[in-house]
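Using numbering that gives the first Met the number 0, you'd call the opening residue of the sequence shown number 0 and step up by one each time.
It is possible that some hints are incorrect.
Listed next, with one range per pair, are the computed distances between beta-carbon atoms [to be verified]:
id, residue 1, residue 2, range
1, Leu37, Ala73, 19 to 29 Å
2, Val35, Arg5, 29 to 39 Å
3, Ala80, Val21, 30 to 40 Å
4, Ala79, Arg20, 41 to 51 Å
5, Glu76, Ala24, 29 to 39 Å
6, Gly81, Pro3, 17 to 27 Å
7, Ile45, Arg7, 22 to 32 Å
8, Glu74, Ala24, 17 to 27 Å
9, Val35, Ala73, 33 to 43 Å
10, Val1, Gly81, 15 to 25 Å
11, Ser42, Arg82, 53 to 63 Å
12, Ile54, Val1, 30 to 40 Å
Derived from the structure by calculation, the hints contain no laboratory data.
Using N, Cα and C, we set each Cβ at its ideal position, and we do this for glycine too.
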Amino acid sequence: MVDPVRERRAWVARLATTGQRVGYALFLAAIVLFVVGLLTELSGGITGAVVACLIVGSAVLAPAIVLGFAARAAEREDRAAGR
């Protein structure tokens, strides 16, 4: 029988992993855009894209990290309790 709590926790862990990948990818995109901007002309468009990547990346990454820690801690607690 499938435990609905464990199933939901696995879904949250997958969501957290996806969020972390997206957040870190946006940070990488911000770095690449910044370097491209430095090597060319640092225009307002590139600056805006860098800032947007940093803001959206932070908004996605912060909750994803917290959810990931919570899911792992809950699994660890279940294993310690023998469930």
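A quick look at each hint next to the structure:
Here the CB-CB span from Leu37 to Ala73 is close to 44 Å, at odds with the stated 19 to 29 Å. For Val35 and Arg5, the Cβ-Cβ distance of about 45 Å falls outside the hinted range of 29 to 39 Å, so the restraint is violated. Between Ala80 and Val21 the Cβ separation comes to about 33 Å, which falls inside the hinted range of 30 to 40 Å. For Ala79 paired with Arg20, a C-beta distance near 29 Å fails the hint of 41 to 51 Å.
Roughly 31 Å separates the CB atoms of Glu76 and Ala24, a value that falls within the hinted 29 to 39 Å. At roughly 19 Å, the beta-carbon separation of Gly81 and Pro3 lies within the given 17 to 27 Å, and the hint holds. Distance hint check for Ile45 and Arg7: the Cβ-Cβ separation is about 41 Å, which falls outside the suggested range of 22 to 32 Å. Against the hinted window of 17 to 27 Å, the Cβ-Cβ separation of Glu74 and Ala24 comes to about 26 Å, which satisfies the hint.
For Val35 and Ala73, the hinted distance range of 33 to 43 Å is satisfied, since their beta carbons lie about 42 Å from each other. Against the hinted window of 15 to 25 Å, the Cβ-Cβ separation of Val1 and Gly81 comes to about 19 Å, which satisfies the hint. Separated by about 56 Å at the C-beta atoms, Ser42 and Arg82 satisfy the suggested range of 53 to 63 Å. The supplied range of 30 to 40 Å is met by Ile54 and Val1, whose beta-carbon atoms lie about 39 Å from each other.
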